[in-house]
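*Asks:* Given next are the chains, with one letter for each unit.
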Amino acid sequence: MDQFLQHVLNALILGGTYALLGIGLTLIFGIMRVVNFTHGELYTFGAYMLFMFVMSMGTNFFLGLVLAIVMGVLLGALTEVVLLRPIRGADIDTTMLVMIGAWIAMQSLEQFTWSGVAKSVNSPFPVDPLVIGPVSVSWGRIFVFAVAILLIVGSHALIHRTRLGKAMRATFQDRETAALMGVKINQIYTATFALGSGLAAAAGALLAPVFVVYPTMGDAAALKSFAIVILGGLGNFWGAAMGGFILAIVEEFGAGYISSGYRDAMGFVLIILVLIFKPTGLFAQKERVG
Amino acid sequence: MSQPEALLRIDGLSVHFGGLVAISDMTFDVHEGEIVSLIGPNGAGKTTAFNAITGYLQPNSGQSLYRGHSLNGLKPNQIADLGVVRTFQKTSVFAGNTVFENVLIGLHRRGSQSLAGALLRLPEMRAEERQLREAATELLVFIGLDKRPDEFASALPYGEQRLLEVAVGLAAQPRLLLLDEPASGMNPSETQDFVNMVARIRARDVTILLVEHDMRVVMGVSDRVVVLNQGKIIAQGAPAVIQRDPEVIRAYLGTGASHA
Amino acid sequence: MSRYMPWLVLLIFASVPLWMQDQYFLHILITSGIFIIAAISLNLLLGYTGQLSLGHVAFFGIGAYASALGSLGFDVEIFGYILVVEPKPVWLAFMFGIVAAGLAGWFIGKISFKVRGAYFVIVTISFAEVVRLVALNWIDLTEGPMALNNIPPVTLWLPGSGETTFWRKLPNYYLVLVVAAIAFELIRRIVQSRIGRALVALRENEPLAMSVGIDVTRYLVIATIVSAAIAGAAGGLYTHYVRIVDPDIFLFIYTVTMVIMVIVGGKGTLWGPVVGGLLFGIMPEFLREVAAPEVQWIIYGVSMILIVFFLPQGIMPAVSRVWRDFRYSPSASAQTTKEGGG
Numbered sequence: 001m002d003q004f005l006q007h008v009l010n011a012l013i014l015g016g017t018y019a020l021l022g023i024g025l026t027l028i029f030g031i032m033r034v035v036n037f038t039h040g041e042l043y044t045f046g047a048y049m050l051f052m053f054v055m056s057m058g059t060n061f062f063l064g065l066v067l068a069i070v071m072g073v074l075l076g077a078l079t080e081v082v083l084l085r086p087i088r089g090a091d092i093d094t095t096m097l098v099m100i101g102a103w104i105a106m107q108s109l110e111q112f113t114w115s116g117v118a119k120s121v122n123s124p125f126p127v128d129p130l131v132i133g134p135v136s137v138s139w140g141r142i143f144v145f146a147v148a149i150l151l152i153v154g155s156h157a158l159i160h161r162t163r164l165g166k167a168m169r170a171t172f173q174d175r176e177t178a179a180l181m182g183v184k185i186n187q188i189y190t191a192t193f194a195l196g197s198g199l200a201a202a203a204g205a206l207l208a209p210v211f212v213v214y215p216t217m218g219d220a221a222a223l224k225s226f227a228i229v230i231l232g233g234l235g236n237f238w239g240a241a242m243g244g245f246i247l248a249i250v251e252e253f254g255a256g257y258i259s260s261g262y263r264d265a266m267g268f269v270l271i272i273l274v275l276i277f278k279p280t281g282l283f284a285q286k287e288r289v290g
Numbered sequence: 001m002s003q004p005e006a007l008l009r010i011d012g013l014s015v016h017f018g019g020l021v022a023i024s025d026m027t028f029d030v031h032e033g034e035i036v037s038l039i040g041p042n043g044a045g046k047t048t049a050f051n052a053i054t055g056y057l058q059p060n061s062g063q064s065l066y067r068g069h070s071l072n073g074l075k076p077n078q079i080a081d082l083g084v085v086r087t088f089q090k091t092s093v094f095a096g097n098t099v100f101e102n103v104l105i106g107l108h109r110r111g112s113q114s115l116a117g118a119l120l121r122l123p124e125m126r127a128e129e130r131q132l133r134e135a136a137t138e139l140l141v142f143i144g145l146d147k148r149p150d151e152f153a154s155a156l157p158y159g160e161q162r163l164l165e166v167a168v169g170l171a172a173q174p175r176l177l178l179l180d181e182p183a184s185g186m187n188p189s190e191t192q193d194f195v196n197m198v199a200r201i202r203a204r205d206v207t208i209l210l211v212e213h214d215m216r217v218v219m220g221v222s223d224r225v226v227v228l229n230q231g232k233i234i235a236q237g238a239p240a241v242i243q244r245d246p247e248v249i250r251a252y253l254g255t256g257a258s259h260a
Numbered sequence: 001m002s003r004y005m006p007w008l009v010l011l012i013f014a015s016v017p018l019w020m021q022d023q024y025f026l027h028i029l030i031t032s033g034i035f036i037i038a039a040i041s042l043n044l045l046l047g048y049t050g051q052l053s054l055g056h057v058a059f060f061g062i063g064a065y066a067s068a069l070g071s072l073g074f075d076v077e078i079f080g081y082i083l084v085v086e087p088k089p090v091w092l093a094f095m096f097g098i099v100a101a102g103l104a105g106w107f108i109g110k111i112s113f114k115v116r117g118a119y120f121v122i123v124t125i126s127f128a129e130v131v132r133l134v135a136l137n138w139i140d141l142t143e144g145p146m147a148l149n150n151i152p153p154v155t156l157w158l159p160g161s162g163e164t165t166f167w168r169k170l171p172n173y174y175l176v177l178v179v180a181a182i183a184f185e186l187i188r189r190i191v192q193s194r195i196g197r198a199l200v201a202l203r204e205n206e207p208l209a210m211s212v213g214i215d216v217t218r219y220l221v222i223a224t225i226v227s228a229a230i231a232g233a234a235g236g237l238y239t240h241y242v243r244i245v246d247p248d249i250f251l252f253i254y255t256v257t258m259v260i261m262v263i264v265g266g267k268g269t270l271w272g273p274v275v276g277g278l279l280f281g282i283m284p285e286f287l288r289e290v291a292a293p294e295v296q297w298i299i300y301g302v303s304m305i306l307i308v309f310f311l312p313q314g315i316m317p318a319v320s321r322v323w324r325d326f327r328y329s330p331s332a333s334a335q336t337t338k339e340g341g342g
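Residue numbers (the working numbering), protein chains in the order written: chain G, 1 to 290; chain W, 1 to 260; chain C, 1 to 342.
It is worth saying that the hints were derived from the structure and are not from the lab.
Check before you lean on any hint, since a few could be wrong.
Unchecked claim - Derived list of chain C stretches under chain G, where covered just means 3 residues or more per stretch with a C-beta under 8 Å from a C-beta of chain G:
| # | segment |
| --- | --- |
| 1 | 115-123 |
| 2 | 127-136 |
| 3 | 250-261 |
| 4 | 304-310 |
Claimed, not checked - The calculated lysine-lysine pairs, modelled on DSSO-like cross-linking and capped at a C-alpha distance of 30 Å, are:
| # | chain 1 | residue 1 | chain 2 | residue 2 |
| --- | --- | --- | --- | --- |
| 5 | G | Lys278 | G | Lys166 |
| 6 | W | Lys75 | C | Lys110 |
| 7 | G | Lys278 | W | Lys75 |
| 8 | G | Lys166 | G | Lys184 |
| 9 | C | Lys114 | W | Lys75 |
| 10 | W | Lys75 | W | Lys232 |
| 11 | G | Lys184 | W | Lys90 |
| 12 | W | Lys90 | W | Lys75 |
| 13 | C | Lys169 | C | Lys88 |
| 14 | C | Lys114 | W | Lys90 |
| 15 | W | Lys90 | W | Lys147 |
| 16 | G | Lys278 | C | Lys114 |
| 17 | C | Lys110 | G | Lys278 |
| 18 | W | Lys90 | W | Lys232 |
Since the model is a prediction, treat every value here as computed from it, not as a measurement.
In this text, a Cβ means the ideal position worked out from N, Cα and C, and glycines have one as well.
Taking the hints into account, I'd like the entire structure generated from these sequences.
*Replies:* Encoded structure:
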């Protein structure tokens, strides 16, 4: 029972960051229909940015975190404007290839700049965990969870309570009509990609002090992001959020009770099952056509 | 003398999308050798009917019967295998292929080459290929597109693309051909040519059900006309009768209009 | 492309060992050749059938592992039963690899085609990841990260020397060349047949293809099985040449390499994967001299993006266009031309 509770707690905390990743990708995937292979790299980038600010430049941790997220947003915007906008309207292969090319280039640049040796980021939180009855959790992880929830709520507010968000939702539902109604599609796409990338970078920056930072860390994150998007349904904000938690729970319990080696496989098996039995995602209401 | 069984019987067909009723309790027959036109204002449900008959949509109730077999639940390719072929309202060709290749693809049903046959290049298969190519040429001559068989389908003028669609549909050896607005985008002389073509298609033992807006085509080719409005059939009969039917006129022109 | 081109190319490659003594370069050609076979197989699925399959390395790896295990023999416990397989002759194990890969292809074909577009991409990627993790964790069977090693090389009966074991590079080179030629020809026959037309039809316009009686699911599954089986053959060649196989063979980066080869070379063309395979098989070797590994990859990433921007159809279609323009230019002798177009 104690173990069970601990797993639940771990899953909740991990789920928060997974939710960030998933929401970021589902927005991009849903609104822009782009298979975003750079999502994992933005995750890595966020982590490296935090490392750079906090460890190399000595910035205050919390400021560094904010800066890392901002850098993620900027990189996302840059990627969209430089790489995606010129090929807008090309078929999905072309876009896919460009994204793959960008993914390769980004990961190699990271490797080149910081080398393959894993880096760690010092956390300003006390090392001793907080113990509540049978479960223990470190302050650092509580912080991660709190910020993740904050960002999720903030993104939701952005999408549902601002004009920008309204335009994004309109573009998601019907791009042509939205354009006819005066929505500047180009700007929306840049904003969407920037937002999604920023969330991925945030996830990376938040987890950097918890784990270690190395160039290929984004690959697993990217694949999990895809899994979450499928679980939740394309473009479905809360679906992705729930999907993030579900994936974390499946992984935690799968790793805990079945086998830890197959931990990363849990997500994939899950999505294959979902796609066979409920291709529109666990939460989607509208019928999706692939 | 008893009525010969209809080639196509639509029986109480209904399709709705959520709360929106697209077609409602649609019932009519098409007899072998006939040319029947399905007309009605935009949004009346004509293309939805085609989609429901040919397996692209599943009806909510009712059924389509081809030679007595229900078509419900069958996939479009299975329905084509029975001999029911449809064309599409929005121009639909294999854009990246040439005119000749388009028709050759349409002749798929006429071939039987298997994977093993393809890999081993058996003599029967090579003979079959030759026959298919001859058939493709014949069809192109029939439809009038034989002058530039190596042109890419996407490079053809709009009217000729519509003709190519019909050729591709014919290639699949239909007994019943459903044409969805085949004359749309054609200029008057092309339209007249098309009207003549329809009679020649019927002479190849093909029964035709077509959806059309162009009244010249409808009046020129149809044995019978079925009028659809807001998902319901409001009239059916000979073209001349339909033209004068007040319900029909009202549907097209709105209430309060005096008939021509 | 002219009827004699394939023979000419085959001849040229067959002659290479006669004038190129450098064993290292031969090695490069062998590994490139293996990748070319994989790229040819991927091209059927990605290029001709238009399916965004990004898990192709799974078929390659399953073929490799199955062939390795077949030739090494294995014993494994499944649900309480112990399965013992004695080492088999390499050629038999190789067949086993092809069949295993083909079966995987059938499985993927059946489940993946319930979902299309971007979802299909994700399923295929996930499948490859799951297979990798199985290879990594099912240590009883696959030795996990310790790798299967001492895999025997190919042994064939050859006229003149009897039972020959392919220890050296030369016979392996010719083996790969022969298999590549066979793969090329098989794909060519499919593509130029009624089946190939059906595949292209469903890539170009699926509703229209269905309306003329083409059973989409059936043809998608055929394409996947054939594609997977050929990839499995490439995997088998790999395993008996390199003679070590570990779960890293399933890394996504190898799928990416194959995809790059196909798309840069020209997807949906017969020679595209060959050109792409040669380019991305040999280019790294030249780059290796001048740049660090990370810089190499940056160059790939950037060159991929550039090719996509400037030659979106890939290299072969651009070459064909130039060739066609050249042949039909006004200054050339008056020949019957394809009218219009271009």
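*Asks:* Each hint should be assessed against the structure and marked as holding or not.
*Replies:* Verification of the supplied hints:
Proximity of the segment 115-123 of chain C to chain G, defined as three or more residues with a beta carbon under 8 Å from a beta carbon of that chain, is established by the 9 residues found. For the segment 127-136 of chain C, the stated coverage by chain G is satisfied: 6 residues place a CB nearer than 8 Å to a CB of that chain, which reaches the threshold of 3. Counting residues of the segment 250-261 of chain C whose beta carbon lies closer than 8 Å to any beta carbon of chain G gives 4, which meets the minimum of three for the stated coverage. Beta-carbon proximity to chain G at under 8 Å applies to 4 residues in the segment 304-310 of chain C; the threshold of 3 is reached and the given coverage holds.
A C-alpha spacing of about 29 Å is found between lysine 278(G) and lysine 166(G), which places the hinted pair at or below 30 Å, so the restraint holds. Taking the CA atoms of lysine 75(W) and lysine 110(C), the gap is near 17 Å; set against the 30 Å cutoff, the hint holds. With a C-alpha separation of about 21 Å, the suggested pair lysine 278(G) and lysine 75(W) falls inside the 30 Å cut-off, and the hint holds. Distance restraint check for lysine 166(G) and lysine 184(G): the Cα-Cα separation of roughly 12 Å lies within the 30 Å cut-off, and the hinted pair is therefore satisfied.
Under the criterion of a C-alpha separation no larger than 30 Å, the hint pairing lysine 114(C) with lysine 75(W) is consistent with the structure, at around 14 Å. With a C-alpha separation of about 25 Å, the suggested pair lysine 75(W) and lysine 232(W) falls inside the 30 Å cut-off, and the hint holds. Of the pairs offered as hints, the one joining lysine 184(G) and lysine 90(W) holds, with about 28 Å between alpha carbons and a cut-off of 30 Å not exceeded. Between lysine 90(W) and lysine 75(W), the direct Cα distance comes to roughly 21 Å. Compliance with the 30 Å bound is thereby established for this hinted pair.
With a C-alpha separation of about 23 Å, the suggested pairing of lysine 169(C) with lysine 88(C) holds against the 30 Å cut-off. Of the pairs offered as hints, the one joining lysine 114(C) and lysine 90(W) holds, with about 26 Å between alpha carbons and a cut-off of 30 Å not exceeded. At most 30 Å may separate the alpha-carbon atoms for a hinted pair to count; lysine 90(W) and lysine 147(W) meet this at roughly 24 Å. Of the pairs offered as hints, the one joining lysine 278(G) and lysine 114(C) holds, with about 10 Å between alpha carbons and a cut-off of 30 Å not exceeded.
Taking the CA atoms of lysine 110(C) and lysine 278(G), the gap is about 15 Å. The hint holds against a cut of 30 Å. Only pairs whose Cα atoms come within 30 Å are accepted, and lysine 90(W) paired with lysine 232(W) is accepted, the gap being roughly 23 Å.
Comparing the model with each numbered hint stated earlier shows that all of them hold.
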